[in-house]
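> If you want the building blocks of each chain, they are given just below.
Protein chains: 2
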Amino acid sequence: MTSPKTDRIYTAALVVIGDEILSGRTHDKNIAQVASWLQVQGIRLAEVRVVADVEERIVEAVRTLAERNDYLFTTGGIGPTHDDITVDAIAAALGVPVIVHPEARAILDRYYADKGGLNEGRLRMARTPEGAKLIPNHRSGAPGIQIENIFVMAGVPHITAGMLDALTGKLEGGAPLISETVGGYIPESEVSGLLREVEKAHEQCQIGSYPFFREGKVGANFVVRSTDAGELKSCIDTLCDGLSAAGYDFTPGGI
Amino acid sequence: MTSPKTDRIYTAALVVIGDEILSGRTHDKNIAQVASWLQVQGIRLAEVRVVADVEERIVEAVRTLAERNDYLFTTGGIGPTHDDITVDAIAAALGVPVIVHPEARAILDRYYADKGGLNEGRLRMARTPEGAKLIPNHRSGAPGIQIENIFVMAGVPHITAGMLDALTGKLEGGAPLISETVGGYIPESEVSGLLREVEKAHEQCQIGSYPFFREGKVGANFVVRSTDAGELKSCIDTLCDGLSAAGYDFTPGGI
Numbered sequence: 001m002t003s004p005k006t007d008r009i010y011t012a013a014l015v016v017i018g019d020e021i022l023s024g025r026t027h028d029k030n031i032a033q034v035a036s037w038l039q040v041q042g043i044r045l046a047e048v049r050v051v052a053d054v055e056e057r058i059v060e061a062v063r064t065l066a067e068r069n070d071y072l073f074t075t076g077g078i079g080p081t082h083d084d085i086t087v088d089a090i091a092a093a094l095g096v097p098v099i100v101h102p103e104a105r106a107i108l109d110r111y112y113a114d115k116g117g118l119n120e121g122r123l124r125m126a127r128t129p130e131g132a133k134l135i136p137n138h139r140s141g142a143p144g145i146q147i148e149n150i151f152v153m154a155g156v157p158h159i160t161a162g163m164l165d166a167l168t169g170k171l172e173g174g175a176p177l178i179s180e181t182v183g184g185y186i187p188e189s190e191v192s193g194l195l196r197e198v199e200k201a202h203e204q205c206q207i208g209s210y211p212f213f214r215e216g217k218v219g220a221n222f223v224v225r226s227t228d229a230g231e232l233k234s235c236i237d238t239l240c241d242g243l244s245a246a247g248y249d250f251t252p253g254g255i
Numbered sequence: 001m002t003s004p005k006t007d008r009i010y011t012a013a014l015v016v017i018g019d020e021i022l023s024g025r026t027h028d029k030n031i032a033q034v035a036s037w038l039q040v041q042g043i044r045l046a047e048v049r050v051v052a053d054v055e056e057r058i059v060e061a062v063r064t065l066a067e068r069n070d071y072l073f074t075t076g077g078i079g080p081t082h083d084d085i086t087v088d089a090i091a092a093a094l095g096v097p098v099i100v101h102p103e104a105r106a107i108l109d110r111y112y113a114d115k116g117g118l119n120e121g122r123l124r125m126a127r128t129p130e131g132a133k134l135i136p137n138h139r140s141g142a143p144g145i146q147i148e149n150i151f152v153m154a155g156v157p158h159i160t161a162g163m164l165d166a167l168t169g170k171l172e173g174g175a176p177l178i179s180e181t182v183g184g185y186i187p188e189s190e191v192s193g194l195l196r197e198v199e200k201a202h203e204q205c206q207i208g209s210y211p212f213f214r215e216g217k218v219g220a221n222f223v224v225r226s227t228d229a230g231e232l233k234s235c236i237d238t239l240c241d242g243l244s245a246a247g248y249d250f251t252p253g254g255i
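Protein sequence lines, in the order shown, are assigned to chains A and B. All letters in the first sequence, in the order written, are residues 1 to 255 by full-length UniProt numbering. All letters in the second sequence, in the order written, are residues 1 to 255 by full-length UniProt numbering.
It should be emphasised that the hints constitute simulated quantities derived from the structure, not laboratory data. Treat the hints loosely; a few may be bogus.
Put simply, identical chains are the same to the list, so a pair is met inside one copy or across any two.
Below, a list of computed lysine to aspartate or glutamate pairs in the EDC-like style, where the Cα atoms sit at most 16 Å apart [claimed, not checked]:
1. K233 x E199
2. K217 x D114
3. K170 x E148
4. K217 x E60
5. K233 x E203
6. K115 x E190
So that you can see chain A by itself, here it is in the shape it has in the complex:
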């Protein structure tokens, strides 16, 4: 019998907001960062959408994904400039007004005290949907925002990282999805039958096959994932036995 904790799967979605990602100008770093952080919290990243700085697109993504997941995270669009419209879009998605959050305003007042003080642009960063709490930002002034199951974070990756740090251990999650990898210079097309059989025989595990080309040679890493450590070990053992029986060299941990 499994404990109640492992029965419940917690999911999250991420909405990456910004024309700069869609134009190819900026290479997104937040998908991988948020994905890895969620794993440790016992929460699965179920879907990501990258949307333009267009309110209706943000609203559509936020509504759909907040509804179908335990948590929704957004990155980007909470700075001081005219193209930062995330707060307005979240408020519109939830049907609440935008207010100047007194605590956020106080934080920004202190942060900009020796930098010329608040102005119209900086004050934009104190705006939140009504009813929001703040997510601390120890790396620059402007805080992130939490409202309902939505977590609104900065887009600059090291500031996003700081906000994730502030949220570490604060969100209810389930059993973390654990994984183990074996890899080798094995063409995945030669072992697809084996992979399928091993996965079928281990209901609580998923096997992913990730091919690569290196030094002119074809290979693959096979990643087994499960929330159950015993099942995971049993599955990886069966897979290794199968690879050995078929005469392949492989490396535990992957290559």
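Since the structure of chain A is already known, use the hints to place chain B on it.
Same frame as chain A, but now just chain B:
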């Protein structure tokens, strides 16, 4: 008067398929790659979704995004293993059966002739939705797939790149979105009013503001985008005049 070519804006969406991106294990490289390639074709990337290896999620994303864009691209999930379900999902989304494509089968037959020949897994890569054409793949055997306005590509970035090469110049696009950048150690929160005014005065341009922290200093790059070169120049000139008037140092081309 603008030419008809510049009047029509062509858009595309991208669906990145794969648990490995959502788990944080693999850092996606295809969003930036496809985004940059599309710019050159005169096509705007309007939205990206990253979805799990789950048929209903792929179907949902494909249906929604193929409908609302001129083109839809997918990456991932077309290999030989059991977790490669993209072809089935695309067929389901379009309501057509999956067939073994004779030309794809012939390509794979030749490719694997000196590598042990076709087997069940390798034959999976000859499957397409009925009615599809092939996208050449000069880097490994298995071709990509085109059906209607959907382009199904590999997930391994250098193979994706090869398929994009094969499509270069083949898709109808509009005027490419061109951009020019100025940047400096300028806190964006000090110039948000200026950016807003300059954008308002140049209807055919968008200005994006991308802050950074470097060597302990705050700065930003301001990117002006337009399909009209004259408007772009006028907008960037006005912006530079404004920054100069406010006493800021800046670097054309960005920093």
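> For every hint, state whether the structure bears it out.
Going through the hints against the structure:
no. : hint        : in the structure
1   : K233 x E199 : within (13 Å within a copy, 58 Å between copies)
2   : K217 x D114 : between (58 Å within a copy, 15 Å between copies)
3   : K170 x E148 : within (14 Å within a copy, 46 Å between copies)
4   : K217 x E60  : neither (44 Å within a copy, 36 Å between copies)
5   : K233 x E203 : within (13 Å within a copy, 61 Å between copies)
6   : K115 x E190 : between (63 Å within a copy, 10 Å between copies)
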